Amino acid sequence: MNFKPALGHEAIHVRFSKALEEQRLHHAWLLYGMKGIGKACEAMAMAALYLCEHRNGSEQQGAHACGECHGCCMLKAGSHPDFIMLERLEKKRDITVDQIREVLSFLSLTGMQSEKRVVVLNDAEMMNLQAANALLKGLEEPSGGSLLLMVCHDLMRLPATIRSRCMLGHCAPLGDTHMNHVLAGMEFSDVAKKMAVEIAGGRPGHVACLQDHKVVDGLLQWQALLKDVQRADVGDLQNWLDTHLTMIPHELIIDVALQEIQSQWDGTGSFTSRESLLKTMWSLAAWPKEVVRHSLRAGPALMALLLELRLVLKSCAVA
Amino acid sequence: MHITVPRTSFLQHVQRCQNIVEKRSPNAILSNLLLRASNETLEIVATDLQIGVSSKVHIHIQDEGEITISAKKLFDIVKELDVDSDVELKTESSFMEIKSGRSKFRLSTLPAIDYPGIPEQDTDFSIQFEGKDLATMIGATSFSMSTDETRKYLTGTLFEISPEQGLQLIATDGHRMALVGTLLDQNVEACRAIVPRKAVAEIKKICEETQGQVTLSLGKRQVRLDAGEHSLTSKVIDAKFPVYQDVIPSDNPEEAVVDRIRMDQILRRSMIVANEFTHDVRLQFSNNSIQVSAHNTEQEQAEEFVEADYTGKDVSIGFNGRYLRDVLSAVQTERVRIQFKDELSPVLILEDGSDASKYVVMPMRI
Numbered sequence: 002m003n004f005k006p007a008l009g010h011e012a013i014h015v016r017f018s019k020a021l022e023e024q025r026l027h028h029a030w031l032l033y034g035m036k037g038i039g040k041a042c043e044a045m046a047m048a049a050l051y052l053c054e055h056r057n058g059s060e061q062q063g064a065h066a067c068g069e070c071h072g073c074c075m076l077k078a079g080s081h082p083d084f085i086m087l088e089r090l091e092k093k094r095d096i097t098v099d100q101i102r103e104v105l106s107f108l109s110l111t112g113m114q115s116e117k118r119v120v121v122l123n124d125a126e127m128m129n130l131q132a133a134n135a136l137l138k139g140l141e142e143p144s145g146g147s148l149l150l151m152v153c154h155d156l157m158r159l160p161a162t163i164r165s166r167c168m169l170g171h172c173a174p175l176g177d178t179h180m181n182h183v184l185a186g187m188e189f190s191d192v193a194k195k196m197a198v199e200i201a202g203g204r205p206g207h208v209a210c211l212q213d214h215k216v217v218d219g220l221l222q223w224q225a226l227l228k229d230v231q232r233a234d235v236g237d238l239q240n241w242l243d244t245h246l247t248m249i250p251h252e253l254i255i256d257v258a259l260q261e262i263q264s265q266w267d268g269t270g271s272f273t274s275r276e277s278l279l280k281t282m283w284s285l286a287a288w289p290k291e292v293v294r295h296s297l298r299a300g301p302a303l304m305a306l307l308l309e310l311r312l313v314l315k316s317c318a319v320a
Numbered sequence: 004m005h006i007t008v009p010r011t012s013f014l015q016h017v018q019r020c021q022n023i024v025e026k027r028s029p030n031a032i033l034s035n036l037l038l039r040a041s042n043e044t045l046e047i048v049a050t051d052l053q054i055g056v057s058s059k060v061h062i063h064i065q066d067e068g069e070i071t072i073s074a075k076k077l078f079d080i081v082k083e084l085d086v087d088s089d090v091e092l093k094t095e096s097s098f099m100e101i102k103s104g105r106s107k108f109r110l111s112t113l114p115a116i117d118y119p120g121i122p123e124q125d126t127d128f129s130i131q132f133e134g135k136d137l138a139t140m141i142g143a144t145s146f147s148m149s150t151d152e153t154r155k156y157l158t159g160t161l162f163e164i165s166p167e168q169g170l171q172l173i174a175t176d177g178h179r180m181a182l183v184g185t186l187l188d189q190n191v192e193a194c195r196a197i198v199p200r201k202a203v204a205e206i207k208k209i210c211e212e213t214q215g216q217v218t219l220s221l222g223k224r225q226v227r228l229d230a231g232e233h234s235l236t237s238k239v240i241d242a243k244f245p246v247y248q249d250v251i252p253s254d255n256p257e258e259a260v261v262d263r264i265r266m267d268q269i270l271r272r273s274m275i276v277a278n279e280f281t282h283d284v285r286l287q288f289s290n291n292s293i294q295v296s297a298h299n300t301e302q303e304q305a306e307e308f309v310e311a312d313y314t315g316k317d318v319s320i321g322f323n324g325r326y327l328r329d330v331l332s333a334v335q336t337e338r339v340r341i342q343f344k345d346e347l348s349p350v351l352i353l354e355d356g357s358d359a360s361k362y363v364v365m366p367m368r369i
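Heads up: the protein sequence lines correspond to chains Y and C, in order.
The numbering of the first sequence is this note's numbering, which starts it at 2 and goes up by one.
The numbering of the second sequence is this note's numbering, which starts it at 4 and goes up by one.
These are computed hints drawn from the structure, not numbers from a lab.
Keep in mind that the hints are not guaranteed to be accurate.
Cut-off 25 Å, straight-line C-alpha distance, at most; resulting in silico cross-link-like pairs (DSS-like, lysine-lysine) [as the list claims (entries may be wrong)]:
(1) Lys36(Y) / Lys290(Y)
(2) Lys76(C) / Lys117(Y)
(3) Lys36(Y) / Lys280(Y)
(4) Lys223(C) / Lys138(Y)
(5) Lys117(Y) / Lys155(C)
(6) Lys59(C) / Lys26(C)
(7) Lys138(Y) / Lys243(C)
(8) Lys77(Y) / Lys75(C)
(9) Lys138(Y) / Lys155(C)
Here the structure is a predicted model, which is why all the values come from computation and not from measurement.
Just chain C, same shape as in the assembly (with noise of 0.2 Å):
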């Protein structure tokens, strides 16, 4: 392999894919990145053996091939090389030079073969997107991932597409659930699959930095998102997701529109002395008015109304104040809806005027 590329588009790519590695494998190669050239193209790779992202950048090439290299080292090299040359970079056998200017460094390389690269393709159907949204989407629902490894099928975020909902993502630990929806301007094919937590992070890592349209592609086995000169395929849970649709309760009688910011800060004010292992606080629900109390086993308390928009019956119900501070913090408008039954019934949190996210909290007993 003989390439020639220009340092600041190669230290980007190299930047990409380099996060993706893991930095302390016990074997070598699996540090690596994986250059290849051929077409007028260098395609950079990495992979952590669940997920493997991919970077084209169109260069000169006086001679095809593919090689595997240290990920760090050549990210280290390159982002310390003169920013306006050139970097040439050549195999010698099992070497590989690389030159800027008058730097000159010799690294050593494994065979491309050894290296598990990208499978193709093998998605049942693709929806293009606008990338910002996907990152927005996948923000106001990824932190209601479970953490719990014992049941897998809830560590990662389901991606749903069908012809009558559009996308929708939905993610759940058993306790919260946070669904976020929106309908497609094109004909769709049903299919789903359960992203795992790390792959759903890169996926937003990489649709924030993406200007315009981005391509998501759900397979049984694979998912894989193309952005640009940028993609990604990791593998997906095999498992199947709970029935979500029963969750969201739909008949709750209740309704109390509550200003989003103020009671954010009333909350985070009131979970300085709640209980520090379950952060539990009581909403009480009166005419026109919500009262925010938390106490704790040192018998300190802290008590604070916020307007709002009820006049139901009075209701009391406990929550776990971390579950609310995240619905609150994912929704996007003024004001939010929080609809209920009574004290135990799980309890729906919409935006101000819309249907298209719905966040479900289990109260609590206290």
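Just chain Y, with the same shape it has in the complex (with noise of 0.2 Å):
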């Protein structure tokens, strides 16, 4: 782990140090954009500047963290006493007030090494109502020295009186000569490559888990089982959903299939036909979303919108 900032974020990386070197940093900020882009990598290494000993850099590019001192060694080694990372725990829902909870009683605590104390909330939307209210107090009246840094993907699901209280900071997606040179630090294969190009958009960490071979097979094989999707065996895609969904993020599985319906789909059928299998596209890309938030099992809900689009392509077909 090193404690640069992150590519195509060097924006809010020199605001932030820019504050923190005049001594006038706000006590909570908010970086939100799309999944993947790197924003907790940002948020990372702003944590890592806040806390550490020696930094060095230069003005235009904002300073960073040396990466060296007993900070930094402690940072990497997630032993920093000063230091803590909150994010949603697996198998739950959403962030819980428990969770936000320690997080106050860990910022009403002094720092051990210096005065400074930093929070990194990432998937910060995820917090409930409860949580968001209960960190709002923590908002409200922050204790000298403390950092809260939170990562958000959906802004505007977080309160509007969270929002109002943060520093905000937008990440964009990141542009070709970014992606080109973070896609050629990571290993794939040709065919991965390919995919990779096809389906990043920007985001580097939306296709990181290509670099696993068994990934971009399963979603070959995926790829092949939509391309005639309207008579593709029911048992073929219930077999494959058994195997892949647990391993494959369920992002690039529909990336992959509004890809490819997108592709096979020649613009025929008639107005209401065309809507419904609009409807029914909107639904596939709300899937992964849908399955956090209530709690669904992910192969059967995503069956059924299978089941659904199948229908709907026919009946475009024989209007």
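Assemble the dimeric complex from its two separately framed chains, guided by the hints.
Have a look at this one:
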């Protein structure tokens, strides 16, 4: 882990390091933007910069953590006494009020190494209402030296009361130059690289799992199954879902599926059938989030959508 | 690092430190101990990210150095080793070799730079104090600390040093408060710190084990205790403690003096039939006696009289019996003074013949 500013988000980093240098740092920062573009990496870089004992770097590019001092070493090893990272626990639907209380209790103690304390809150939009309200109290009365860095994919799902108390930093998907640079650093097979370029859309984190050949093979099979989804054997689809849903990120499955549907559909069909196709695609796109939000069983939910898709595509073809 | 230590003293120090370490930490290095050998001293350090404890042993060092090693494994191994032979510790790349007599172990290690360790001393003022006395003072107040995490500032004990009052320990949970003070025979500056619950318990443990004086240092962001070979540093609660002086009633007109142990026994008996959640008992003060009564939702009742030195008007006050029993077990004297005004005003409980400890208990409406 290095604590250099994340590629593509240098502007925010410079803003942060300037504020830090001029000792007018806001106590809560909220980084928002699409998933997989390096917001959490940037939050870590900011946390490291704040806690580092020997910062270095220039004024234009902003300062960055040295990566060698005791503070940086502890942060790398995950043993820094004045830092905690909070995210949604596995198999939980949201970030709970108990987790937020833990954060508040951490912030209400003084720092061990210095007065500085940092909390990185990942997936902040996953907080439920009670958790958000509990956090609000900490945001309104920050203790001296505390810094809260929130990372969020869907800004509008956070209560306005929280948004308005944070310094907002928008993170955009990466441009082609940055994207190529990041992808060059990953170990892709040729097929995987082609697939990564097609579906990445400026989000390197989104395609990082394509370095695993099992994921790539799974997605190729999925692509093949969807080539003729109207006639595909339901048993085969079910088998694929059973074996791959736990292994491949749901967003990738949907990206490949939508791409495939778009490439197949020639624009024919009545207005109503086109309307229902669009609606089904919309439901497919929302499936990964719905699974988490409503604790659905991922397999049956996706299977239902696929069967719906078959019907709609058939009606398009008939019309 | 290459050192040789006598097994018995090494075991004691490792045991002292390994109590602090979190047994099931998700991060391997946090279940480790830091061993640092330099200047003919071996320092053993443990931390749970809130409290850090260090122990020093004077030994012969062949080679200086520092390394971290699993606390549980080291303790379990040293515990089982031959009592009389010395233990030899030697690091070899990323492993540590432990030799004693014919036994030899090889444990994996992690680098010392990744370990949080103990921060440098950053406190405002220190006092020297008899360890056993400090442990008694903590024991007489710590039961009043709150467990309500939403009011974090009440989940610790306030350590306050002032030129007028000396050292005072105050703990409260909003329903009751305990204050114990003692005058100091040294010049002091005013300072205060709210010490978290876990650190209070550890300070008490160390003080109990120490013969003689300890040094207690308070600062804005840390509290530190130096007791012989051991020292403890803890984060403090970064909040304002309520103004406790206002809570202590100063003009309670009535006073009853009662035998402490007898009163405690009666309360214990009565509480058997009290409501098991609220533990409510009623104390009826009348001429030279107190009637203790309790009842529960199933119409079961208990009643008992206890003699008391009391000549005031008849007053009946409801209490949480637990709170009263906690106070009675914290008090040292044979008899206690209970001062009150009416059935809803705060009640002050004092030791007989001394005003150094003050316990305030809020009555209950029954």
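Verification of the hints:
no., hint, in the structure
1, Lys36(Y) / Lys290(Y), "holds, 12 Å"
2, Lys76(C) / Lys117(Y), "violated, 33 Å"
3, Lys36(Y) / Lys280(Y), "holds, 23 Å"
4, Lys223(C) / Lys138(Y), "holds, 23 Å"
5, Lys117(Y) / Lys155(C), "holds, 19 Å"
6, Lys59(C) / Lys26(C), "holds, 22 Å"
7, Lys138(Y) / Lys243(C), "holds, 16 Å"
8, Lys77(Y) / Lys75(C), "holds, 24 Å"
9, Lys138(Y) / Lys155(C), "holds, 13 Å"
Checked against the numbered hints given earlier, this structure breaks only hint 2.
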